[in-house]
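Asker: On the provided structure of chain A, position chains B, C and D as indicated by the hints.
Protein chains in written order, with this note's numbering: chain A, 1 to 498; chain B, 1 to 405; chain C, 1 to 354; chain D, 1 to 331.
Misleading hints may appear alongside valid ones.
[To be verified] Here's a subset of chain D near chain A, in silico, CB distances under 7 Å, partners left out:
| id | residue |
| --- | --- |
| 1 | Y58 |
| 2 | G207 |
| 3 | G208 |
| 4 | Q214 |
| 5 | G216 |
| 6 | K220 |
[Unchecked claim] Across the chosen pairs, the derived CB separations fall in these ranges:
| id | chain 1 | residue 1 | chain 2 | residue 2 | range |
| --- | --- | --- | --- | --- | --- |
| 7 | D | N218 | A | K268 | 46 to 54 Å |
| 8 | C | A140 | A | K235 | 30 to 38 Å |
| 9 | C | S328 | B | S350 | 53 to 61 Å |
| 10 | A | R194 | C | I141 | 43 to 51 Å |
| 11 | B | V402 | C | A181 | 51 to 59 Å |
[Stated by the list, open to error] No farther apart than 20 Å at their CA atoms in a straight line, the calculated lysine to any residue pairs in the SDA-like style are these:
| id | chain 1 | residue 1 | chain 2 | residue 2 |
| --- | --- | --- | --- | --- |
| 12 | C | K281 | A | N147 |
| 13 | A | K81 | A | R181 |
| 14 | A | K329 | D | V209 |
Derived from the structure by calculation, the hints contain no laboratory data. Positions of the beta carbon are idealized from the N, C-alpha and C atoms, including for glycine.
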Amino acid sequence: MKNKTVLSASNICKSFGPTKALQSFNFELEEGEVRGLIGENGSGKSTFSSILSGLLESDTGEIYLEDKPYKVASSREAAAKGIAMIVQEIGTIDQVSVASNLFINREQIFTKLGCINHQKMQIAAKEALEKIGADYIDPQLRTELLNLEERKLIEIARAMYFNPKILIIDETSNALSTKGRQVLYQSIKSVKERGGSVLFITHDLEELITVCDSVTIMRDGKYIETLFKEDMQIKKLRELMVGREIADNFYRTDFDSSYSDEVIFQAKHISSVDLNDISLALHQGEILGIGGLAECGMHELGRVLFGLDKPDSGEVIIRNNTQINNPRKAIANGIGYLSKNRDTEAIIIKFSVKDNICLPTLKKMSKYTFIPPQREKELSSKWSEELSIKMRSDEQLCNQLSGGNKQKVVLAKWMGNDSKILIMDCPTRGIDIGVKENIYKLMMQFKKEGRSVIMISEELPELIGMSDRMIILKDGAAVCEINRSPSVTEHQIIQYMI
Amino acid sequence: MKKLISAALVVTMLAGSLVGCSKSAENTGSSAASEVAIEATSESTDSEAATKEATKEAVAWKVGLIDPGPYNATSGPLFAQLELTINALNGTFTYVTMESNSAEATINAVKNLIAADVDAIILSNQALKYGCMAEVADLCEESEVYWSMFWTKIVEGEPNYEACMNKKYFVSTTFEDDVESAYFCTSTLGKLGVKNICEIGFPSGNTTGDMRDAGINKALDEFGMKLLAAERDETVTRSAEGGAIAGSRFLSSYPEMDGIVVAGMSQYVLSGLVETLKSQKKGIDDIQVAAIDFHEFQKEYLEEGYLDAIIGGHIEGPTYSAILIANRINGTSLSEEPMLIQDNFIKLSSKEEAERWDEYVAEDGYIYSPEEIANCLVVNNPDFNLEVFQKMIDDYSLEDIVARR
Amino acid sequence: MPEDNMGQECGIAALLDIRGGFRMRSKQQIKAFIAGTLYFIMIPAATYLIFVCLRPASFLNYNSIRLIFEQSIYVCILAWGMIFSMKAGDNDLSLGAERILGCIIGILIAKEIKSFVGIPIGCIGVGIIVGGLKAFTNSAIKMTSIIFRIAYTLILSSAGAIIAGNKSLTLSSKYTILGKAPWCYVFFIVLGITLLVVEKYSVFSAHCKVLSGNEKLAKDSGISKEKTTAIAIMISSAYCAISGVIACSFGAGTASSTGLDSFKLVFPAMIAVHVGFALEKHINIVFGVFAGVMITNTISTGLISLGLASELKDTFMGFFLICLMITSVVTARHSEERARREVKAAGKKNIVNT
Amino acid sequence: MSGFLVEKQKGEGLVSAAQYEKSRRLRMLFLDIFPFIGLIFVLIFFGIVTKGGIYSWYNVKSVFSQSFLFIIGGLGVSFLLAQGSFDLSMASVIALSAILGARIAPFNTALGVFVTIGVATLIGLLNGLIYSEFNLNTWIHGLAINFMFGGLLYTAMGKVSNVPVVKSLTNLNNPINEVAILIIVSIIVIFVFNYTVFGKHCKAIGGGVKASEQSGVNVKRVKMIAFVISGFIAGIVAVLSMIRNGAASDGTGNMFHFNVMVCMVLGGVPVTGGTAVKLRGIFIGAITVTIITIGMVSWGISARAQELVKGILFVAILVITTKIRNSVDHI
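Just chain A, same shape as in the assembly (with noise of 0.2 Å):
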């Protein structure tokens, strides 16, 4: 028998510039039904989930629930609607008491006259924990008397007082313990009892598959299949997330690993609050693959590695046995860093892309301290002209440049400042096709004119088909670690990535 659906969304678009998160994406959700929600980092989860829940706007497609067509602009209006959502990042605020963080921007509810009756939000935060079993948080304590997980539990609480038709949980999980879980899980349960639905979102599959009565897959922001109860298993959901198909490949086609023996680069037993103990040497001419989940800890590593932030314990040692503790001296020694927020980190948005190139080369273009004018605008110019950066003239602000070529000013400016080590942390990310191919081009000259470079990326197809060796993290520790060849697939590797 089919139950009638609550929810149902047709080719939802949505896209971040070049990268398309969604694309035509059909959903469509059962009463009483848990639905799990699986896919590779990127691949449009979190997305779709904050459509429903107001906080993003789709590009295109609509949305009907219960068969008529909805459009929130805030989780506000989404939970008036009957949307609740639980996301990943904390959600409270310290300074309050746990009744006011559990009803923010509903006190309307207990105000009379204009004043907000405590004792009736109160009451009424009691009532909301007890319903999801948590009665022992007393309501009047102030927030940051609390520990995470108690935390969270008050956004599941704020989520379920309402009794949401659907309930969204987005990575929520792997922030709780097994108590904590047990009360996530009790009130799916409930939600299920109520003929509500639950849209249930997480990477560890046996938690999904306890707890779901079915689960979509995505990939590429589409919908690739939904399977149901019996047929869930681990290994076919795993085969489903991967294989996602590329436009036309244009990653390296030799598969001679080869690269000097000579270790120029390596981090030993570095561990901190995102990593325990890992190590990696990197050697000359190497490209060495970091992958994982997103959360796996492997953009902290990159920061690590380029001195940017402090391990607890371990140390980065470059060749000449110099430790690498902040990121001059890593510039001193020819390392170079693209960060993956590009636009705050990796370039200065309000500069000039002259000046830019220039930034890190500035100390040694000068002579007692003053910088001739025109060594600048030759450095600029020439790897301008090297990257084909598409611009008026070097004088242009970054701001004005697409993604892509903002890539290649940071490509520029660290080849300018002759790093012999780049440590690329995604690439490619919302780069257009035709840019990402030079990029790739451009690892291999690097390669082949015996500079190395560390690639962290989310997308398995580009580690695999760039890599010489690739390092995949699981939750801040390294699991295994895979030399290239033609075999490698990504269903092996996502075994280890989740």
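Answerer: Just chains B, C and D, lined up with the frame of chain A:
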């Protein structure tokens, strides 16, 4: 609703007051245009008419002044009289504001006045206070502008004295006997049997302030009184609020205090001080107050007994300077040497005296009538000379003012 | 408007609730409550004690306490007004100039209509107009840089000087009732309770807290920053106006200020608010701010009585403010770090568990 | 002229890309040249209303002598401006150092000068430490420091209302020296600001702290040095004003920080820092302000209206430039 109404009210008031002051600004050609000033000039206009035919050959000239800020009982009548004087002497005047209380600002003000091609500048005691008298002197000398000061004593042997006295364009400075004034206040308290006094005064080091302190000390010794504390912070002593705060600080930290001397700036602090005394139910007979510089409400205060004596009314100085300058410009200068003029205070210790002051000066807005002033120009009145002038200065007193009306 | 007068009976409700709520509170909270009260009492008391020790003769009497308190009233009211806008991250330095302008107009009106009513009319009127103006420009320009506040200060103070023209800004005692004993207390208490109610019971202040706590969250849950800041600005202007009324009645007059001098008026208030923030953990900010004001005033009175130059209070205040700000910054950093580690710790825990 | 630009902004929605690019260019151009336009406009305007009264050799001199200190002060903070911050503590730093210097000078002139500059630099260092370590809100922190040292002035002065400066210093008071100093300081600052690593790094910080750190800028140190420089030059300003005023008092340098700020805004220097900070803005701004003041005096405008006019100009220019800048940046 109430707010709406009040808002509307304020808007109208705002507009009204703006229009008001802009108007007055027009008809005196300056911002310094109090009700008093307006009267004064309206007076002066017809007086000019009266004096005009007499003064065919009186040269037209322009005086530069520094904006004294909002009206107060000391500077208000002074500038009212000064504006009237200048008009009566067939002159005009222009004001500048000082951006801040500093030597830099004073010098810039003078420069700007010179830039506005004035023939003469009459300064208050800024130059003395900020120690830039020499610079001002040089400025005026090189750009051939006559200048005078009031409330400013320069003593032989001081650098200021050398800086000014040998200058061709320095006309005069007028000053008061401040030791005497402070002595008068303090001794009055002493006579009333006060033992422990607090002082509100100038920051130490200020020439005027030092003289007044000398006067106070003189009286202290004489009557065996004790000075408990002094508030000299100009950020406090230059506002009514400050007066209140100073007063309450005295009261709170010196229960034994039974007298207060306001050695200057009463025009600002006195009202605040009296308010505090009132609210503390003190001041009538348990705390005596004597003050230097006149205040708007001195009459009431004297009457109610919060104030026991006040000395001030030294508003004639710049007028004398103006007369000297005018005569110089008309080529009939009374003395080629720069003049150091000591002018008189007016002492009020009873309500009646205060009433007469208000009646004859504060309300009419002048101490010398335009005719009298016009007669101080030698071109109008050939038998006006230094002696007459000196007598005029020495005679200045409340009685003298009353008598001349 | 949150600070409407029907706050009154809510105010009583508030007090009741403080007691009522107090009964059913957990041990932890009773402790917190006591700690808070101690903070509130001790901090000013300690400062006062210092001076008592230094000059017992002058400080050991009820009168001096009362005098210090009366001086504190209008500063405190100003500070109270600034709480919300400072929470929303806007240090409004132009309030001093605004207050002066209000006083000037108020005094002129009072002299016009020969009644003390003119003062509140003037002050509040100016407060509303200028406040509205600020709120408007704020939402128009979308940047609350202090440089704009400085610009306001300049304009307001010069406008004050122009309007004052050469008129006298001294008030005769007829018009100064509002600064006197019964009235200033009435203002103090009414405004205090109103603010307490607004702070504790209004939707607006709840939103304000969310904004100051986590702007993204506020945005996601549909709280409009513009609206909230606008209200905050209006409140600060209103309170500034009242403090103006009391100030110019208290001192029987005012003086027009040039340039940036008026910052001196705002500074103590600002410090008080920072003190309030520092104590917020333990006690309602309304009381915290009052404690702050008492401290600064005790000290400036004390300096006089010790025969020190009273300008030294500026030195002290500046130093005090910097220390407060630095400590707040440092603590913020620590708590951030702690949170980050907690997150991961929780994450690791569940690996173990699953 | 500003009016029509605002119009342009209103029209944004409709214009096509090409037009848009054009209007963007136009705005950039405007931002670059409006200070000049302003200056010329002011010159002409006051020339007309005063019937050529302001065109005199004397005024040329007094424009120079009045804007002189502001220009030097402005150059001093220019490195902070580039970082998008400002030094609001100048006023009392100048006063304090001047007073201390003037008190010591009688014993040994050189030492006096040294102390003046030394004290200022030290306070600059303190500022720098606070700014780089805790980066508080620069404005509030500046004000707080200003209060801190402002409070010490009376104590520092002891029992006098102004400390006269020894002859050996006041003798140096002539325009030639001032011109010389101005030229020297300008050349040095302009060089450092435009052609050295330090200068570029300052601008980089103005553009974005994270990005500059990842490009190898030692953010903390650069921030620190910038404040030290501003302190140092505040010291120089203190010496100069001692020389030209013949005395140091608590009033010395009063409102200085503010006047510098006005100059900076009228000179079109952006509050946000970055490469858009052009030193010429400081020069033009200072001159414009002075001309406005002088012009209005000789025009005989109500004295206090002058402040208001300045204030309104200040706000208007601030708002317009900020708006235009945002519209240019957000593309």
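Asker: Please go over all the hints and tell whether each is borne out by the structure.
Answerer: Cross-check of the supplied hints:
1. Y58: Since the shortest Cβ distance to chain A is 40 Å, the answer is violated.
2. G207: Interface hint status for G207(D): holds (4 Å vs cutoff 7 Å).
3. G208: The hint holds - G208(D) has a Cβ within 7 Å of chain A, the shortest such distance being about 5 Å.
4. Q214: holds (6 Å)
5. G216: Nearest chain A Cβ about 4 Å off; hint holds.
6. K220: It is violated, given that the least Cβ distance between K220(D) and chain A is near 11 Å, above 7 Å.
7. N218(D) / K268(A): 46 to 54 Å: violated (26 Å)
8. A140(C) / K235(A): 30 to 38 Å: violated (60 Å)
9. S328(C) / S350(B): 53 to 61 Å: holds (59 Å)
10. R194(A) / I141(C): 43 to 51 Å: Since R194(A) and I141(C) have Cβ atoms about 48 Å apart, the given range 43 to 51 Å holds.
11. V402(B) / A181(C): 51 to 59 Å: violated (42 Å)
12. K281(C) / N147(A): holds (17 Å)
13. K81(A) / R181(A): Distance of about 26 Å is beyond 20 Å: violated.
14. K329(A) / V209(D): With Cα atoms ~18 Å apart, K329(A) and V209(D) stay inside 20 Å; holds.
Violation of the numbered hints given earlier is confined to hints 1, 6, 7, 8, 11, 13; the remaining hints are satisfied by the structure.
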